[in-house]
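K.L.:
Construct the entire structure; sequences and hints are all you get.
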Amino acid sequence: MSQALLSIENLSVRFKTYAGVIHAVNGMTFDVRPGEIFGLVGESGCGKSVTGLAVVRTLPGSGRISGGRILFHGEDLAAKSEAEMQAIRGRRIAMVFQDPTASLNPVFTIGQQIDHIIRHHTGGDHETARRKALDWFNAVALPDPQAVYDTYPHRLSGGMQQRVMIAMALCSGAELLIADEPTTALDVTIQAQILELLVKLRDQQGISILLITHNLGVVAETCERVAVAYAGQIVETGPTPAVLARRLHPYTEGLLAALPTAVRKGQTLQPIAGQVPDGLQPIAGCPFHPRCGKALPVCAQVNPALLPVEHADHLTACHLYTEAAV
Amino acid sequence: MTTTTLSAEPAASPPAVPSERQLIWRAFRQDKLAMLGVLVILFFVLTSLFAPLLTPYPAQGAGAPNIIEKFKAPSAEHPLGTDYLGRDVLARIFYGGRSSLTTGFLVVFLAVLIGAPLGAVAGYFGGRVDDVIMRITDVFLSFPPLLLAIAIATALGSGFVNTMIAIAITWWPWYTRLVRAQTVSLRERYFIEAARSIGVPSFKIIATHILPNVLTPVLVQGTMDLGSAILTGAAINFIGLGVQPPQADWGNMISQGRIYFIERPWFAGSAGVAIFLVVLSFNLIGDALRDAADPRTRRGEA
Amino acid sequence: MSGPLLIETRNLCKHFSAGGWLGGGKRVVRALDDVNLSIQQQETLGVVGESGCGKTTLGRVLLRLIEPTAGQILFEGRDIVPLKGEDLRRQARDMQIVFQNPYSSFDPRFSVRMSLAEPLQTHQGLQGAALEERASELLTQVGMPVDTLSRYPHEFSGGQLQRIAVARALALNPKFIVLDEPTSALDVSVQAQILNLLQDLQQRLNLTYLFISHDLSVVEYISSRIAVMYLGKVVELLPTALVSAGHAQHPYTQALLSAIPEVSVERRHKRTLLPKSVFEGKAQAGGCSFAPRCPFAMDVCRAVEPPLVELETGHLSACHLANEMQ
Numbered sequence: 001m002s003q004a005l006l007s008i009e010n011l012s013v014r015f016k017t018y019a020g021v022i023h024a025v026n027g028m029t030f031d032v033r034p035g036e037i038f039g040l041v042g043e044s045g046c047g048k049s050v051t052g053l054a055v056v057r058t059l060p061g062s063g064r065i066s067g068g069r070i071l072f073h074g075e076d077l078a079a080k081s082e083a084e085m086q087a088i089r090g091r092r093i094a095m096v097f098q099d100p101t102a103s104l105n106p107v108f109t110i111g112q113q114i115d116h117i118i119r120h121h122t123g124g125d126h127e128t129a130r131r132k133a134l135d136w137f138n139a140v141a142l143p144d145p146q147a148v149y150d151t152y153p154h155r156l157s158g159g160m161q162q163r164v165m166i167a168m169a170l171c172s173g174a175e176l177l178i179a180d181e182p183t184t185a186l187d188v189t190i191q192a193q194i195l196e197l198l199v200k201l202r203d204q205q206g207i208s209i210l211l212i213t214h215n216l217g218v219v220a221e222t223c224e225r226v227a228v229a230y231a232g233q234i235v236e237t238g239p240t241p242a243v244l245a246r247r248l249h250p251y252t253e254g255l256l257a258a259l260p261t262a263v264r265k266g267q268t269l270q271p272i273a274g275q276v277p278d279g280l281q282p283i284a285g286c287p288f289h290p291r292c293g294k295a296l297p298v299c300a301q302v303n304p305a306l307l308p309v310e311h312a313d314h315l316t317a318c319h320l321y322t323e324a325a326v
Numbered sequence: 001m002t003t004t005t006l007s008a009e010p011a012a013s014p015p016a017v018p019s020e021r022q023l024i025w026r027a028f029r030q031d032k033l034a035m036l037g038v039l040v041i042l043f044f045v046l047t048s049l050f051a052p053l054l055t056p057y058p059a060q061g062a063g064a065p066n067i068i069e070k071f072k073a074p075s076a077e078h079p080l081g082t083d084y085l086g087r088d089v090l091a092r093i094f095y096g097g098r099s100s101l102t103t104g105f106l107v108v109f110l111a112v113l114i115g116a117p118l119g120a121v122a123g124y125f126g127g128r129v130d131d132v133i134m135r136i137t138d139v140f141l142s143f144p145p146l147l148l149a150i151a152i153a154t155a156l157g158s159g160f161v162n163t164m165i166a167i168a169i170t171w172w173p174w175y176t177r178l179v180r181a182q183t184v185s186l187r188e189r190y191f192i193e194a195a196r197s198i199g200v201p202s203f204k205i206i207a208t209h210i211l212p213n214v215l216t217p218v219l220v221q222g223t224m225d226l227g228s229a230i231l232t233g234a235a236i237n238f239i240g241l242g243v244q245p246p247q248a249d250w251g252n253m254i255s256q257g258r259i260y261f262i263e264r265p266w267f268a269g270s271a272g273v274a275i276f277l278v279v280l281s282f283n284l285i286g287d288a289l290r291d292a293a294d295p296r297t298r299r300g301e302a
Numbered sequence: 001m002s003g004p005l006l007i008e009t010r011n012l013c014k015h016f017s018a019g020g021w022l023g024g025g026k027r028v029v030r031a032l033d034d035v036n037l038s039i040q041q042q043e044t045l046g047v048v049g050e051s052g053c054g055k056t057t058l059g060r061v062l063l064r065l066i067e068p069t070a071g072q073i074l075f076e077g078r079d080i081v082p083l084k085g086e087d088l089r090r091q092a093r094d095m096q097i098v099f100q101n102p103y104s105s106f107d108p109r110f111s112v113r114m115s116l117a118e119p120l121q122t123h124q125g126l127q128g129a130a131l132e133e134r135a136s137e138l139l140t141q142v143g144m145p146v147d148t149l150s151r152y153p154h155e156f157s158g159g160q161l162q163r164i165a166v167a168r169a170l171a172l173n174p175k176f177i178v179l180d181e182p183t184s185a186l187d188v189s190v191q192a193q194i195l196n197l198l199q200d201l202q203q204r205l206n207l208t209y210l211f212i213s214h215d216l217s218v219v220e221y222i223s224s225r226i227a228v229m230y231l232g233k234v235v236e237l238l239p240t241a242l243v244s245a246g247h248a249q250h251p252y253t254q255a256l257l258s259a260i261p262e263v264s265v266e267r268r269h270k271r272t273l274l275p276k277s278v279f280e281g282k283a284q285a286g287g288c289s290f291a292p293r294c295p296f297a298m299d300v301c302r303a304v305e306p307p308l309v310e311l312e313t314g315h316l317s318a319c320h321l322a323n324e325m326q
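Protein chains in written order, with the numbering used here: chain A, 1 to 326; chain B, 1 to 302; chain C, 1 to 326.
Think of the hints as simulated: they come from the structure by calculation, not from any bench. Don't take every hint at face value.
As the list claims (entries may be wrong) - Simulated pairs of lysine-lysine, DSSO-like, Cα-Cα distance not exceeding 27 Å: (1) A:16 / A:80; (2) A:200 / A:132; (3) C:175 / B:204; (4) A:265 / C:175; (5) C:84 / C:175; (6) A:265 / C:270; (7) C:270 / A:200; (8) C:84 / B:204; (9) B:32 / A:16.
P.N.:
Right, dumping it as structure tokens:
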């Protein structure tokens with residue numbers, strides 16, 4: 001197994017709210033290898049976005065890392081100080097979010113904003129920064145880089161704003177890009193272009209991408225490897241074609257079976273019984289067992305470990321395979 | 001098929017998520033200064049309500065002079081001394097609270113009563129109606145509030161009720177503006193469209209959906225305004241337009257006591273301190289409420 | 001199955017004007033531009049398109065929530081555009097709407113009982129026991145327990161609230177329901193439950209649906225015919241079976257089909273009709289509104305607006321190229 005660029009080991013994140021403690025992430029484990037696009041997929045409440053924020057240590061409100069490690073090039077980011085993290089954010093790990101309008105300051109031009117970023121991280125004068133910015137605008141396929149540089153955010157379409165965000169994220173030399181639902185707010189034709197862009201950046205610049213999304217189609221078409229998250233844990237992870245074809249974990253299977261494309265027209269859709277847990281009441285054993293049609297008695301008592309099945313590279317956390325574990 | 005839909009969705013679990021109101025109250029409670037302010041206000045409200053029972057000098061509080069004892073410094077029998085007519089100052093403070101506090105509460109109440117519905121109507125209907133209402137509002141807003149209040153009070157004549165009406169007339173436009181802005185954003189919410197699609201008449205929508213949902217910002221603004229309303233009332237009383245002596249009011253106590261202030265500060269001073277404490281408390285409460293009401297500034301979870 | 005026409009729109013237009021201050025030109029946004037659609041009884045007509053296509057406006061104009069600028073809307077043969085006052089309110093009983101965001105669909109200060117009572121009191125004057133009975137009946141129809149009545153919206157999940165929204169839409173026994181992105185804000189497994197519910201109700205209560213969504217796979221599953229909209233116009237109208245088979249004729253529909261990320265490799269191949277490359281081009285006056293972005297644009301496309309023409313029975317398309325190839 002190649003050396004992982006980012007390795008999440010048994011990560012736990014908790015939030016204290018008035019209603020109680022919420023364990024948004026509860027023992028999450030996966031790794032992202034150099035030069036790959038890795039998909040972290042799951043429904044709302046599974047902890048995928050929180051994990052992304054935890055990596056760059058920008059958890060909101062009362063969020064705290066309560067356990068586990070986040071290894072980046074072997075160093076534990078969870079143990080680093082804020083000063084150390086500031087040297088990493090933007091420089092080595094960058095992040096892009098769902099809504100570009102919320103990330104761009106409306107009273108400054110694009111040029112002013114990216115200039116500020118470049119010079120903060122790598123110094124240099126205004127002219128050097130401008131040329132670098134224009135280079136990156138070309139790299140993200142913006143049609144008229146100088147015009148974009150001189151304009152204000154609100155004049156750009158959603159797709160163009162997101163390209164600008166990607167340029168801003170990567171312009172200081174980051175090797176890992178965490179993209180949290182980067183195309184969810186965009187039209188589907190624009191989404192296709194942005195995803196193509198991410199693949200191109202990976203191919204041409206060797207940037208690794210942790211793509212967080214709820215859309216299985218996006219994962220299928222863009223990510224080499226995938227991890228399926230449920231209730232703050234990973235239930236299955238491995239090469240994307242294998243995970244989508246074999247669907248070892250009952251949740252993976254349920255998720256794919258619930259898609260409208262999974263049935264023929266006229267047939268009833270197959271939802272997963274029950275609802276996603278709210279994170280307040282801890283569930284004994286496997287978090288999915290109350291909704292699982294194949295649950296064994298042991299599932300209610302012991303939380304299954306994430307273990308390889310069939311291949312060293314395809315893991316699942318399910319008692320059904322414990323005898324078959326490699 | 002029905003069985004699939006019924007069994008697939010279990011009953012709603014007991015509410016683990018507190019409602020917006022509960023969250024606001026909990027966040028508010030955490031602000032110690034604001035809670036202190038609440039205690040101060042409670043103190044003044046209770047003392048003015050039960051003034052006749054709390055002071056051994058109810059008659060003096062109400063105005064009866066006691067010339068023999070005039071200008072007495074604070075002592076055991078008169079904790080805040082006596083004023084220029086020998087009346088116990090503490091009693092005057094309690095009685096004066098009735099006038100000042102009532103002015104504050106009623107002014108804000110009247111202003112909201114007039115201003116809020118106007119703002120909701122303007123915001124909901126938009127167009128011509130909005131233009132007309134907002135232009136009228138603008139006219140009132142373009143006068144310096146205190147001067148306008150004095151002008152109206154002068155026109156109406158002196159007296160407690162006239163003072164309140166005068167101040168309320170200068171105050172309602174702020175609530176119209178506030179409520180109109182809230183209404184314009186509320187109007188876009190789906191439940192308003194749902195009510196319209198059902199055919200609910202517009203005025204019913206305003207009364208049952210819009211107004212209750214603008215309650216929180218109005219409450220916050222109103223709380224902060226209470227202090228200012230009391231100050232304005234005190235100012236009008238100070239210049240002699242409102243409450244007439246011998247009736248007690250913190251404003252006219254200051255005006256009557258100021259010539260004696262250098263050597264005998266206790267009666268003007270006490271009234272001044274009372275106003276200060278009450279206004280400060282309302283401001284602290286209002287600030288805390290505003291921070292608690294906005295999810296972005298709300299004091300987070302632990 | 002489907003029967004006579006329930007709803008028909010003729011030359012339906014909605015224009016929004018913006019600007020016109022201080023010498024600046026008055027801009028007209030043609031949210032709906034000469035839309036001619038018909039919906040048969042008990043069918044589901046799906047409407048797809050990206051942002052700005054007018055599909056949301058269409059749903060609201062049909063219910064007179066937004067007033068049309070021109071054109072007719074025939075409900076059971078009668079033009080409802082001129083209706084006012086009491087007549088309009090009575091018409092509201094036949095046509096209802098379910099919105100995209102369940103949390104925004106309910107007054108947070110209203111209990112579920114009060115929200116369901118609103119239509120029942122307004123039209124039928126129901127009170128007390130009769131109201132309670134009817135409200136309970138509605139909740140049971142959508143698979144919610146009766147104790148829901150005393151609860152408040154914030155106590156429910158998105159899926160549960162959407163069921164309650166459907167219950168409210170059914171309160172007046174409507175014939176026609178506009179479903180405006182009803183599952184877009186829901187997770188995949190919950191979406192499946194809601195879609196099943198909608199289909200079940202359609203059969204039992206003989207409902208007619210207009211299903212609006214940006215998600216073509218969902219629309220394909222639930223609709224018998226699909227209308228594709230672009231910038232206020234219907235550019236293609238065809239039976240769902242043709243879409244699924246990849247036989248869309250309009251380049252924009254083909255672009256949509258190609259852009260949607262698919263889990264199944266087979267579907268992906270069948271539906272990638274165009275390369276996912278960047279569609280660029282500035283808008284131009286006259287001619288086909290899609291021409292600036294169309295890979296097949298000819299000179300006539302830039303000059304003359306293509307009419308909506310029937311290519312084969314039940315399949316209409318507004319494209320010069322498609323017309324030529326007939």
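K.L.:
Could you run down the list of hints and mark each one as holding or not?
P.N.:
We went through each hint and held it up to the structure:
no.: 1; hint: A:16 / A:80; verdict: holds, 22 Å
no.: 2; hint: A:200 / A:132; verdict: holds, 19 Å
no.: 3; hint: C:175 / B:204; verdict: holds, 26 Å
no.: 4; hint: A:265 / C:175; verdict: holds, 23 Å
no.: 5; hint: C:84 / C:175; verdict: holds, 20 Å
no.: 6; hint: A:265 / C:270; verdict: holds, 17 Å
no.: 7; hint: C:270 / A:200; verdict: holds, 24 Å
no.: 8; hint: C:84 / B:204; verdict: holds, 18 Å
no.: 9; hint: B:32 / A:16; verdict: holds, 21 Å
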